[in-house]
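**Student:** Chains as they are written, first to last, in my numbering: chain A, 1 to 413; chain B, 414 to 952.
The set of hints was computed from the structure by calculation and includes no laboratory data. Remember, it's a predicted structure, so these values are computed and weren't measured experimentally. Don't be surprised by glycine CBs; every beta carbon is placed ideally from N, CA and C. Be aware that one or more of the hints could be misleading.
[What the hints assert, rightly or not] A short list of chain B residues far from chain A (calculated; beta carbon distances all over 10 Å): (1) 585; (2) 610; (3) 685; (4) 780; (5) 787; (6) 794; (7) 937.
[As the list claims (entries may be wrong)] With a cut-off of at most 27 Å between alpha-carbon atoms, the simulated BS3-like pairs for lysine-lysine come out as follows: (8) A:2 to A:371; (9) A:166 to B:893; (10) A:136 to B:817; (11) B:943 to A:166; (12) B:631 to A:103; (13) B:893 to B:943; (14) A:166 to A:238; (15) B:517 to B:477; (16) B:784 to B:610; (17) B:631 to B:600; (18) A:301 to A:276; (19) A:265 to A:238; (20) A:166 to B:789; (21) A:136 to B:943; (22) B:817 to B:517; (23) A:93 to A:265; (24) B:893 to A:136; (25) A:136 to A:238; (26) B:829 to B:817; (27) A:276 to A:368.
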Amino acid sequence: MKFDTIIIGGGLSGLTCGIALSQKGQRVAIVAGGQNSLHFNAGSMELLGNVDGEEIAHPVEAAQRLQPNHPYRKVGIDHLEELAQEAKTLLDKAGLTMSGNAKENHWRITPIGVTKPAWLTLEGLATVASSQLPWKAVTLVELEGFIDSPLQFVETNLAAQGVQVKVARIAPAVLTQARRSASEMRATSLAKILRNHQALASLAAEINQVTTADELVLMPMFLGLDDDALAALQAQVKPRLAFLPTLPPMVPGVRIATALQHYFKMLGGTYLLGDKVVDGLIEDNTMRHITTAKLQDVLLKADNFVLATGSFMSGGVVADFTRIYEPVFGLDVEAPANRADWTLAEVMDDQPYMSCGVATDDTLHALKEGKAVKNLFAIGSVLSGHNAAVQGDGEGVDMLTALAVAHRITNRQ
Amino acid sequence: MNKETNEFDVIIIGGGITGAGTARDCAMRGLRVLLLERFDYTNGATGRNHGLLHSGARYAVTDKESATECIEENMILRRVARHCVDETDGLFITLPEDDLGYQKTFVDACRAAGIRADIIDPAEARLLEPSVNPTLIGAVRIPDASIDPFRLTMANLVDAQLHGAVALNYHEVTDLVIENGRVLGVKATDLHTGQQKEFRAAVTINACGIWGMLIARKAGITINMFPAKGALLIFGHRVNQMVINRCRKPANADILVPDDTVCVIGTTSDRVPIETVDDMRVADEEVNILLTEGEKLAPALASTRILRAYAGVRPLVASDDDPSGRSISRGIVCLDHESRDGMAGFITITGGKMMTYRLMAQEATDLACRKLNVNKACATATTPLPGSEENSVSQQEPRSFAVKAAQGRHGTMADKIDADTPLDRALVCECEGVSVGEIRYASQQLHVHNLMNLRRRTRTGMGTCQGKLCACRAANLLGKYNHDAKLAQADLAKFLGERWKGVKPIAWGSALREAQLTATVYQRLCGLDKAVARKEGEQ
Chain A
1 MKFDTIIIGG GLSGLTCGIA LSQKGQRVAI VAGGQNSLHF NAGSMELLGN VDGEEIAHPV
61 EAAQRLQPNH PYRKVGIDHL EELAQEAKTL LDKAGLTMSG NAKENHWRIT PIGVTKPAWL
121 TLEGLATVAS SQLPWKAVTL VELEGFIDSP LQFVETNLAA QGVQVKVARI APAVLTQARR
181 SASEMRATSL AKILRNHQAL ASLAAEINQV TTADELVLMP MFLGLDDDAL AALQAQVKPR
241 LAFLPTLPPM VPGVRIATAL QHYFKMLGGT YLLGDKVVDG LIEDNTMRHI TTAKLQDVLL
301 KADNFVLATG SFMSGGVVAD FTRIYEPVFG LDVEAPANRA DWTLAEVMDD QPYMSCGVAT
361 DDTLHALKEG KAVKNLFAIG SVLSGHNAAV QGDGEGVDML TALAVAHRIT NRQ
Chain B
414 MNKETNEFDV IIIGGGITGA GTARDCAMRG LRVLLLERFD YTNGATGRNH GLLHSGARYA
474 VTDKESATEC IEENMILRRV ARHCVDETDG LFITLPEDDL GYQKTFVDAC RAAGIRADII
534 DPAEARLLEP SVNPTLIGAV RIPDASIDPF RLTMANLVDA QLHGAVALNY HEVTDLVIEN
594 GRVLGVKATD LHTGQQKEFR AAVTINACGI WGMLIARKAG ITINMFPAKG ALLIFGHRVN
654 QMVINRCRKP ANADILVPDD TVCVIGTTSD RVPIETVDDM RVADEEVNIL LTEGEKLAPA
714 LASTRILRAY AGVRPLVASD DDPSGRSISR GIVCLDHESR DGMAGFITIT GGKMMTYRLM
774 AQEATDLACR KLNVNKACAT ATTPLPGSEE NSVSQQEPRS FAVKAAQGRH GTMADKIDAD
834 TPLDRALVCE CEGVSVGEIR YASQQLHVHN LMNLRRRTRT GMGTCQGKLC ACRAANLLGK
894 YNHDAKLAQA DLAKFLGERW KGVKPIAWGS ALREAQLTAT VYQRLCGLDK AVARKEGEQ
């Protein structure tokens, strides 16, 4: 089977690259293992939130101060704003309306009620203009039996910023079914029940009973998986609603993953779900073909290949007792040679392993034995050189390296 | 018992299994008892060992007295603490590199100590325990078993309290009250409030394990103790169904114990300075030894996920200059400081092993009773612990996985856990099946102040996810029950830090993967680092 480009990895970077290439008319296949780190996304994209321990209000400007091996350097700091705009347009076309821009961060509210800088946030989720909350008073909706939204923490963190917090408890009968089974009381399961209009109406009725029109109501996002439930609920309740992401499994992340997959397929892309690349032939610094676990007898060929397999948690890089390596093609990685240097003593430190990943040249070509593979690019979290948990740049790196590579591939044709 | 009173018959310092067992025995004999624990119950060696219900076979060749004590206590605990014991049986295997001749010495010594020891065919051993190293050339079956030290300690404490004892954790003894060559009581600080308190009793019992030498120093008494660090590794699932030992003289990493849903390999043995015992960290070299030797017992360990590494300190009483500490007797040391040092009203109970805690408690209590002129016999060898009464399995039909799991953890006490409302039944820890109701029960009845306490009482966060999601859920609930969400949030960060301490020495493979996922959830997604930093900044 022959494609123009084959992308390995179906997360945010792989889908972004696949969509961008499909929009240009390429024949693209994505080999996706299954769930990806989008399932741990709170509905926001971060471009750059922290440099040297300082929260960032103007990410494009602050990117000038990034470390020399940061992936943005290989995209071109000068191109960040333009690529970021392109990313936003791409999301919009996929049906994901997001607010925000690359010049100025806004602040999202995390599942525990902390503010963090963000570049884009899904419509409906609570955001504020700066780290300091502007609210005088809010009402938190607590759904009985739902323990994936730590409202005690939300309350204490909002109160620490001087916000008066009222808790309004609801127990809509329509969700009784879900509550009967202890493991069904998860945000994504509730969202499936609330696809039903009658169910949604009874939730709205409960909210109206415990709130008034002049309140700002913060509510855990356990609806709106793939429909317009957020807006529909807002239309039926008196107060203004703003949604809070929950702990995983997270509705906004699944919504983004689903929408991007749909859009990619709609553009004619081939999404090989639940498959895994097991082998590939590299000769003369060129990737000739790959084989997957499910299509063992078929050589998958393409002009270009893109590795978007993520970091350790997605299996894109693997550590064993003695070394950190890239498991699919044995590509070069940037990682400390000694295991003792992979980690630091305190859990919240800037852990060195977080910045380990595949080595690339200045144009994001993956390296093998020190030489760039001419038609193999690496994008997203598999790349070395940054720590998304500390720098707040995860989605930015995923999307912007994906778009930069898509440009390089299409310009080359 | 009136909690306000400061007068007791006996004050017990130390909330490990020895202290808890002594509190129970004293209370059952009608004494007014106060137990003080500096941090959490089981925080010392009690919570940092294999969880092995020794048959005594391990000591049979080198220390017959300990071996005999072990097998007697082994049989007693199977009766009185049945909800804490998993009757797995054990194997002592001989590998090609070992001397098969040792097997006879071993079996003879076991039998002399009263330990059943049956030589079985290696093929039968492979059938009984499929995970065992298939190249074994000899096997002996002995009555080892697995025991949950957290559960055992809490059951003793719960029963002590049922008999009127007062138990306080997070109370650090800062000084002994001494007048005219007599210990009259203790001064203690409530570590949560900073409040200074003074308690009086005719007898004070020092049951602090290795820390006991520091308590004794406060009375000007020297006990030469031997802090022997033992490191262990926990694997992500239960590879073996029986305890697997090496049939040779005790050495590093030669015991693999199935504990609940996991299994534990250990230990190493190294002398450490007493100054370091509050912060035991496992070194890379120890991990290497444990893995290399562990794989010889069960080759599957090589490909099994390691959950974490931990280390405890054995409270051995030094008697010679042995550098490894292995030839020292594991025997019980019960010191009457009146006759030994001229300090009346003061007893130290130390040495021994978790296995012999009940006997240690009995000896200490006998001595205390003599001092108090109380003449009542010990009944702990025949009275079941709460949770282990006859008909130990609740008559109530288990309604869910969580109810069943809770019954496994709490025995008959599980009936006290609410499961009536949907919220009570909501699962907090999916790996271990811990419900909201169980967490509320633990927080109200089992002295739970923080996530570490909760983990030890309920196994919340002990499963394969190591608290990735349940820690946040549970911390939020504790914030609610203890009416302090700010503290609970700081505690969550502390808990993650504590877990990381155990993961760092084994941070490769799945452990590193999971660590990254945890960082993604708590740092990147939730901003817990920011929440905690701001809280610190405010103060």
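**Student:** Hints first: check each against the structure and report whether it holds.
**Tutor:** Going through the hints against the structure:
1. 585: holds, 25 Å
2. 610: holds, 30 Å
3. 685: holds, 19 Å
4. 780: Per Cβ check, residue 780 of chain B is outside 10 Å of chain A; nearest 44 Å; holds.
5. 787: Check passes; 48 Å lies beyond 10 Å.
6. 794: About 40 Å separates residue 794 of chain B from the closest Cβ of chain A, which puts it past 10 Å; holds.
7. 937: violated, 4 Å
8. A:2 to A:371: Distance ~25 Å between residue 2 of chain A and residue 371 of chain A Cα, so the pair holds.
9. A:166 to B:893: holds, 15 Å
10. A:136 to B:817: Cα-Cα ~46 Å, so violated.
11. B:943 to A:166: holds, 23 Å
12. B:631 to A:103: violated, 64 Å
13. B:893 to B:943: holds, 21 Å
14. A:166 to A:238: holds, 16 Å
15. B:517 to B:477: Judged against 27 Å, a Cα distance of about 16 Å means the pair holds.
16. B:784 to B:610: Holds - the C-alpha atoms of residue 610 of chain B and residue 784 of chain B are around 25 Å apart, at most 27 Å.
17. B:631 to B:600: holds, 11 Å
18. A:301 to A:276: holds, 15 Å
19. A:265 to A:238: Outside the cut-off at roughly 39 Å; violated.
20. A:166 to B:789: violated, 58 Å
21. A:136 to B:943: holds, 22 Å
22. B:817 to B:517: violated, 43 Å
23. A:93 to A:265: holds, 13 Å
24. B:893 to A:136: holds, 23 Å
25. A:136 to A:238: Holds - the C-alpha atoms of residue 238 of chain A and residue 136 of chain A are around 19 Å apart, at most 27 Å.
26. B:829 to B:817: holds, 13 Å
27. A:276 to A:368: holds, 20 Å
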